[in-house]
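Residue numbers (my numbering), protein chains in the order written: chain Z, 23 to 418; chain W, 23 to 418.
Misleading hints may appear alongside valid ones.
For identical chains, the list gives no copy identity; a pair is met inside one copy or between any two copies.
[As the list claims (entries may be wrong)] Okay, derived cross-link-like pairs now, EDC-like style, lysine to aspartate or glutamate, Cα gap no bigger than 16 angstroms in a straight line:
#, residue 1, residue 2
1, K343, D395
2, K293, E146
3, K290, E45
4, K288, D309
5, K290, D37
6, K288, E159
Rather than coming from a laboratory, the hints here were simulated on the basis of the structure.
Number of protein chains: 2
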Amino acid sequence: MKLTSLIEAQKIVLDESKSFGEEVVSLDASIHRTLEEPVVADRDYPPFNRAAMDGIAIHSDDLGKYTSFIIKETVFAGAYVKEALKAGECYKIMTGASVPDSADTIVRVEDITIEGQKAQLNTENIRSQQNIALKGEDAHQGDVLLNKGHKLAACDITTMASAGYAKVKVSKKPSVTIITTGSEIKAVGEEVLPFQIRDSNSHALKAYLKSYAIDDVVHYRIDDDQSELSEAITKGLASDVLILTGGVSMGEADFVPKLLVESGVKQKLHKVAIKPGKPIWFGTSKDTIVFGLPGNPLSCQVNFLLFIEPFLRACFGMLPKTPLYLPLMKTKTKKNTLDVLYPARLQQQKEGVYVETIAFNGSGDIRATKESDGLVLHAGDKKELKEGELVPFYLW
Amino acid sequence: MKLTSLIEAQKIVLDESKSFGEEVVSLDASIHRTLEEPVVADRDYPPFNRAAMDGIAIHSDDLGKYTSFIIKETVFAGAYVKEALKAGECYKIMTGASVPDSADTIVRVEDITIEGQKAQLNTENIRSQQNIALKGEDAHQGDVLLNKGHKLAACDITTMASAGYAKVKVSKKPSVTIITTGSEIKAVGEEVLPFQIRDSNSHALKAYLKSYAIDDVVHYRIDDDQSELSEAITKGLASDVLILTGGVSMGEADFVPKLLVESGVKQKLHKVAIKPGKPIWFGTSKDTIVFGLPGNPLSCQVNFLLFIEPFLRACFGMLPKTPLYLPLMKTKTKKNTLDVLYPARLQQQKEGVYVETIAFNGSGDIRATKESDGLVLHAGDKKELKEGELVPFYLW
Numbered sequence: 023m024k025l026t027s028l029i030e031a032q033k034i035v036l037d038e039s040k041s042f043g044e045e046v047v048s049l050d051a052s053i054h055r056t057l058e059e060p061v062v063a064d065r066d067y068p069p070f071n072r073a074a075m076d077g078i079a080i081h082s083d084d085l086g087k088y089t090s091f092i093i094k095e096t097v098f099a100g101a102y103v104k105e106a107l108k109a110g111e112c113y114k115i116m117t118g119a120s121v122p123d124s125a126d127t128i129v130r131v132e133d134i135t136i137e138g139q140k141a142q143l144n145t146e147n148i149r150s151q152q153n154i155a156l157k158g159e160d161a162h163q164g165d166v167l168l169n170k171g172h173k174l175a176a177c178d179i180t181t182m183a184s185a186g187y188a189k190v191k192v193s194k195k196p197s198v199t200i201i202t203t204g205s206e207i208k209a210v211g212e213e214v215l216p217f218q219i220r221d222s223n224s225h226a227l228k229a230y231l232k233s234y235a236i237d238d239v240v241h242y243r244i245d246d247d248q249s250e251l252s253e254a255i256t257k258g259l260a261s262d263v264l265i266l267t268g269g270v271s272m273g274e275a276d277f278v279p280k281l282l283v284e285s286g287v288k289q290k291l292h293k294v295a296i297k298p299g300k301p302i303w304f305g306t307s308k309d310t311i312v313f314g315l316p317g318n319p320l321s322c323q324v325n326f327l328l329f330i331e332p333f334l335r336a337c338f339g340m341l342p343k344t345p346l347y348l349p350l351m352k353t354k355t356k357k358n359t360l361d362v363l364y365p366a367r368l369q370q371q372k373e374g375v376y377v378e379t380i381a382f383n384g385s386g387d388i389r390a391t392k393e394s395d396g397l398v399l400h401a402g403d404k405k406e407l408k409e410g411e412l413v414p415f416y417l418w
Numbered sequence: 023m024k025l026t027s028l029i030e031a032q033k034i035v036l037d038e039s040k041s042f043g044e045e046v047v048s049l050d051a052s053i054h055r056t057l058e059e060p061v062v063a064d065r066d067y068p069p070f071n072r073a074a075m076d077g078i079a080i081h082s083d084d085l086g087k088y089t090s091f092i093i094k095e096t097v098f099a100g101a102y103v104k105e106a107l108k109a110g111e112c113y114k115i116m117t118g119a120s121v122p123d124s125a126d127t128i129v130r131v132e133d134i135t136i137e138g139q140k141a142q143l144n145t146e147n148i149r150s151q152q153n154i155a156l157k158g159e160d161a162h163q164g165d166v167l168l169n170k171g172h173k174l175a176a177c178d179i180t181t182m183a184s185a186g187y188a189k190v191k192v193s194k195k196p197s198v199t200i201i202t203t204g205s206e207i208k209a210v211g212e213e214v215l216p217f218q219i220r221d222s223n224s225h226a227l228k229a230y231l232k233s234y235a236i237d238d239v240v241h242y243r244i245d246d247d248q249s250e251l252s253e254a255i256t257k258g259l260a261s262d263v264l265i266l267t268g269g270v271s272m273g274e275a276d277f278v279p280k281l282l283v284e285s286g287v288k289q290k291l292h293k294v295a296i297k298p299g300k301p302i303w304f305g306t307s308k309d310t311i312v313f314g315l316p317g318n319p320l321s322c323q324v325n326f327l328l329f330i331e332p333f334l335r336a337c338f339g340m341l342p343k344t345p346l347y348l349p350l351m352k353t354k355t356k357k358n359t360l361d362v363l364y365p366a367r368l369q370q371q372k373e374g375v376y377v378e379t380i381a382f383n384g385s386g387d388i389r390a391t392k393e394s395d396g397l398v399l400h401a402g403d404k405k406e407l408k409e410g411e412l413v414p415f416y417l418w
């Protein structure tokens with residue numbers, strides 16, 4: 023069977039991306055979610071001329087005329103002052119306070135001496151408007167602070183809170199069903215016989231999905247039994263996304279593709295020219311996007327990174343993750359013409375940050391991802407990635 | 023007042039780090055938590071000689087003697103086979119199946135022709151033991167797969183699941199109280215007058231704490247009123263960690279340090295030679311670690327990254343985050359002798375990944391962290407960071 027190229031395969035998957043709708047969530051629940059609206063400044067920022075230092079506020083017209091000022095009153099942050107300064111007068115003022123209109127310059131507390139109701143300047147080095155963050159200098163009312171499609175990180179929470187977004191419109195998350203197939207697979211807590219292994223893929227997929235705040239996940243573990251599997255597929259097709267692991271290769275118990283097609287799922291893709299993860303199957307039914315992943319844990323994770331994550335990002339209106347191009351620690355050669363993905367970690371060297379691939383025995387190796395930060399892509403048409411060469415590195 | 027250096031200040035804070043104990047959680051709940059036990063291989067991995075391909079399993083003694091084999095039976099993954107091969111016999115075998123002891127070599131399905139009960143080899147290019155992942159080749163029983171103190175990422179979930187860790191021992195998380203002080207501060211959902219701003223720090227701190235899975239967080243918003251603040255401090259001292267924002271500088275309403283000391287908290291640190299975040303206050307009481315952060319949103323976040331995050335990591339037995347040293351996009355100069363932190367983003371250039379600092383107006387600028395990936399440190403004793411120079415970059 024002809025293999026589809028990685029680029030072509032990713033295009034086939036991304037072509038099926040779609041919005042799952044939008045919903046309004048609380049600010050605190052919005053982290054890791056994707057904006058479905060731009061975050062806009064509700065007013066100028068700073069919203070007022072803000073004192074950037076503790077000290078006295080004077081008017082610059084008085085500079086050169088007075089070296090001592092009568093303290094009219096003290097302006098605390100959050101307070102509103104009605105009485106304007108007259109010539110030779112000042113306010114004591116606190117960091118964060120709104121500077122009254124009759125003042126335009128702040129002299130910090132370190133540069134004055136206060137005696138009773140008088141403040142004496144100890145410096146001549148005073149610029150008009152110094153130590154004031156001017157109204158609107160950071161952003162004007164209506165300015166876009168965060169773009170639609172932005173994935174919200176902790177530092178964005180500050181911005182949204184400041185601009186008054188107690189609630190925010192974000193992309194709705196898909197419901198997901200995971201079906202782990204394979205008669206050799208036992209639940210993690212169950213006893214395993216020597217020829218059995220444990221279900222790791224459902225837990226890993228749930229963990230990766232969680233990084234997109236997707237937690238509406240149902241999981242079935244099914245033996246290689248066609249009628250049980252058919253039944254689980256029917257249930258899974260009630261979800262927005264159905265992910266199966268195992269049963270997509272050439273073995274006699276690999277009837278996942280056949281059963282999906284019988285259940286009305288239209289095949290869009292089967293087998294991609296990559297390693298690991300070659301046997302991936304992809305299809306769509308009326309309401310459900312279906313990924314059939316190979317059962318090897320590394321293959322499953324690589325396929326998540328190459329197909330499911332870009333698909334979800336596209337559905338959420340997010341830009342695709344761009345790889346970092348970083349120098350390789352040690353030359354890698356390969357004989358096949360597949361696009362090969364190596365688990366790799368970042369390594370600081372004197373000259374900068376390098377990527378070090380991790381030695382492992384194959385996609386079933388339990389240590390394959392140990393202390394890895396992501397994947398290096400070794401393009402199919404390159405025999406060799408040279409030491410020091412910039413290689414595409416995808417963070418997990 | 024003499025400023026403490028950043029390095030000295032971090033040491034003072036880290037000296038107070040302590041375990042908050044350990045607890046056992048489910049595998050799925052363990053992501054982002056810290057291992058309090060090594061994850062150990064419960065058996066050899068692979069646990070059996072595992073078929074890496076679909077095909078037939080033969081014994082290498084037969085190579086060169088037979089080109090056609092009688093199919094004895096089909097071995098599926100998860101099945102146990104009792105009958106041993108005799109000379110000239112083979113099993114049909116599926117990927118993931120346990121290779122019976124009487125076979126040691128797999129010929130993939132693409133290299134054979136099956137007619138009835140016979141399998142004919144179509145290649146002479148067969149190596150003994152090919153296409154088998156040998157028992158124990160990845161890890162031996164008792165090998166450490168993940169170290170104590172490792173922060174668990176999604177790819178580690180696979181490893182733990184495979185090794186049978188349905189539950190795992192992780193560091194207990196501290197309870198946290200956040201007190202936002204400042205009469206100018208309103209809740210995000212409340213109406214704001216022109217001279218008032220919104221509470222962003224509590225939401226940002228909660229978001230940063232969430233990245234360490236800390237969600238036992240109580241929050242009080244308190245005006246600059248000494249008796250109300252005292253009361254909130256007393257309540258906060260029931261938590262493992264108390265974080266206050268605002269009120270730690272030199273203004274007349276900055277009575278956080280005074281009230282903390284009156285509440286029995288011993289001051290360990292006040293004011294560090296950094297910008298932003300200089301006014302930070304740190305102290306300890308019998309059962310509580312107390313951080314007093316300045317109220318500017320950027321200062322608050324910088325202090326989290328420089329002090330609270332390293333403190334929490336140390337408490338969890340994790341290594342400190344190491345900065346990446348990456349080349350700077352554009353020369354930065356400074357006049358002061360403080361360690362200055364610039365929000366910055368990663369930028370891919372032809373020659374590799376660069377760090378680009380973000381232009382902003384000061385630590386109150388609502389856009390200061392826009393699309394930032396972390397912070398660049400400009401060391402106090404350096405006037406200039408040159409374009410292309412490797413600079414320490416801390417990911418948020």
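Hint check:
Taking the shortest alpha-carbon separations for K343 and D395, both the intra-copy value of 14 angstroms and the inter-copy value of 14 angstroms come in at or below 16 angstroms. Taking the shortest Cα distances, K293 and E146 never come within 16 angstroms of each other, neither inside one copy (76 angstroms) nor across copies (27 angstroms). In the homo-oligomer, the alpha carbons of K290 and E45 never lie at most 16 angstroms apart, since the shortest distance is 30 angstroms inside one protomer and 46 angstroms across protomers. Taking the closest pair of Cα atoms, K288 and D309 come within 16 angstroms of each other only inside a single copy of the chain (12 angstroms); across copies the shortest separation is 61 angstroms, beyond that limit.
In this assembly of identical chains, the alpha carbons of K290 and D37 lie at most 16 angstroms apart only when taken from the same copy (10 angstroms versus 58 angstroms across copies). Taking identical chains as interchangeable, the C-alpha atoms of K288 and E159 are never at most 16 angstroms apart, the minima being 55 angstroms within one chain and 40 angstroms between chains.
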